[in-house]
Amino acid sequence: MKKVLVVDDSISVARQLEKILTDSGEFQVVGHGKNGMEAIRLHQTEHPDIICMDMNMPGMDGLTALRTLVALDKNVKVVMVTSLGGVGDKFTEALRLGARTVISKPFEGDNVLKILREL
Amino acid sequence: MAVKFFGQFLVEKGVVSREILLQAIELQESVNLSFGATAMAMGLLAEGDIEKVHDAQRTEDLRFGDMAVKLGLLTGEQMMQVLARQKNTHLYIGEALVKVGGLSADKLPALLDEFKADQAQYATDKVAIPAGVTDAPFWEMLADLSYKMLTRVALLTFRPEPIATARSLPAMEVYAAMEFSGDVSGRYLLGVSAATQKQIAREILKEANVDGEPKEVLDDTVMEFVNVVLGNVAAKAAQMGKAIEIAPPELVEAAGEIEAPAGRSALRFPVCLADGDRVELAVFIEE
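Chain order of the listed sequences is V and L.
Residue numbering for the first sequence follows our numbering, beginning at 1 and increasing consecutively.
Residue numbering for the second sequence follows our numbering, beginning at 1 and increasing consecutively.
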């Protein structure tokens, strides 16, 4: 079972993602970070296979954290899950920084699972 | 389900890879020059002129071409020539993907049709913004997208009330807000009753019953709804050529009416729900 770290300042989004992933029986959520700093810390301690991370968070935002995570581990698999996915510049910046892809909010569970299975 | 751009749509469908999309975007960036770079390539402006325009833009909010005309660096006719050159040489992402070999030209029209059908649900419908309000097309889009998200994300049935400016917002049980800035700036507010908050929570959490949820979780779902609306507004704004940045959503602690802060007024676009309940939608805009 693949281990997933969820990083989002919204507890409701984290819960929604955890439900989708856990119910699939294919993924196990190993942690929930609320900002970029926590993403970096939990990546070091939980060693997730995949990180699902928001962009717009208080404190360290998702793109700043992504830059650090890729510098620490060039093979890190980060999927940005964000309401800003449809903003072309943000989408492109995330891919350039090393995100595997970007999922827009509102998202559909089937689409999230399809994307994560392909990583 | 969200506002997307064509490249993102193709990556999500698995039609092109992220690597190919990045190659196509790089090609676009090398071809689609800014107004100033195009004017320089046409021999109409020198590098020093570009700096003069940028300096002037720091104190006056004018587009590059309009500022160049105002400073006497270009004639109106030359500005139109530059705009025509930009339009005629513009490389769209679909064409760029074909050029980098990521997509075959014969598949492009069908994919574009599929994309347009997917995004038709977010085409902006006509919304009447009061006369005299600047950036009316942006507010029209923001109000319309708010209505669409109330329908599609919160599954609410409602009738929009007339849009009007005001000094304050009525008291509601829960208000969430989000600041945004950039080419257009303001503070977006969503006010709901406890009953509507539960409906939003049911849809955000995908739970049939949220009666036992703590207040913190219920409040968070309203903030997340605001985050989804404004993120998609930012995507639509980008399609309109306007860049905005959004701050994280926040909960507004207010016992009664919320007054517009000094220098701002409220543009209200509330809705009346089918059961008679009301949702307060508003944005504090610069006066």
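Quick caveat, the hints were computed from the structure, so don't treat them as lab data.
Where hints are given, some of them may not hold.
Quick list of in silico lysine-lysine cross-link-like pairs, DSBU-like style, CA-CA up to 35 Å [to be verified]:
1) Lys52/L with Lys3/V
2) Lys116/L with Lys52/L
3) Lys77/V with Lys215/L
4) Lys114/V with Lys52/L
5) Lys148/L with Lys34/V
6) Lys87/L with Lys70/L
7) Lys77/V with Lys126/L
8) Lys114/V with Lys74/V
9) Lys148/L with Lys116/L
10) Lys70/L with Lys107/L
11) Lys126/L with Lys52/L
12) Lys242/L with Lys77/V
13) Lys19/V with Lys70/L
14) Lys19/V with Lys77/V
15) Lys198/L with Lys2/V
16) Lys2/V with Lys34/V
17) Lys52/L with Lys19/V
18) Lys99/L with Lys19/V
19) Lys3/V with Lys198/L
20) Lys206/L with Lys3/V
21) Lys114/V with Lys70/L
22) Lys34/V with Lys3/V
23) Lys148/L with Lys215/L
24) Lys13/L with Lys114/V
25) Lys114/V with Lys116/L
26) Lys206/L with Lys77/V
27) Lys74/V with Lys242/L
28) Lys2/V with Lys87/L
29) Lys77/V with Lys87/L
30) Lys198/L with Lys215/L
31) Lys107/L with Lys114/V
32) Lys52/L with Lys70/L
33) Lys198/L with Lys34/V
34) Lys99/L with Lys74/V
35) Lys126/L with Lys2/V
36) Lys19/V with Lys13/L
37) Lys206/L with Lys34/V
Listed below are several chain L residues computed to face chain V (Cβ distance under 8 Å; list not exhaustive) [said to hold, decoys possible]:
38) Ile20
39) Leu22
40) Glu60
Just so you know, even glycine gets a beta-carbon here, dropped at the ideal spot from N, CA and C.
Decide if the proposed pair is consistent with the structure: Lys126/L and Lys2/V, CA atoms, cutoff 35 Å inclusive.
violated, 47 Å
Do the alpha carbons of Lys52/L and Lys3/V lie within 35 Å of each other, as the hint requires?
Not satisfied, since the Cα-Cα distance of roughly 54 Å exceeds 35 Å.
CA of Lys198/L to CA of Lys34/V, is that 35 Å or under?
holds, 23 Å
Satisfaction of hint between Lys52/L and Lys116/L, Cα-Cα up to 35 Å
violated, 41 Å
35 Å Cα cutoff - pair Lys206/L, Lys77/V:
Distance of about 27 Å is within 35 Å: holds.
Given the hint that Lys74/V pairs with Lys242/L, does the C-alpha gap stay at or below 35 Å?
Given that 35 Å is the threshold and the Cα spacing comes to 34 Å, the pair holds.
Under the criterion that the straight-line Cα-Cα distance not exceed 35 Å, is the pair Lys52/L, Lys19/V satisfied?
violated, 56 Å
Is Lys198/L close enough to Lys2/V, meaning Cα to Cα at most 35 Å?
holds, 33 Å
Straight-line Cα separation of Lys19/V and Lys70/L no greater than 35 Å?
violated, 58 Å
Is the Cα-Cα distance between Lys242/L and Lys77/V 35 Å or less?
Holds, at about 31 Å.
Taken at face value, is the distance from the CA of Lys13/L to the CA of Lys19/V at most 35 Å?
This hinted pair holds, its Cα atoms lying about 24 Å apart.
When the nearest CB of chain V is found for Leu22/L, is that gap smaller than 8 Å?
holds, 6 Å
Checked against the numbered hints above, the structure violates hints 1, 2, 4, 7, 10, 11, 13, 17, 18, 21, 28, 29, 35, 38, 40; every other hint is satisfied.
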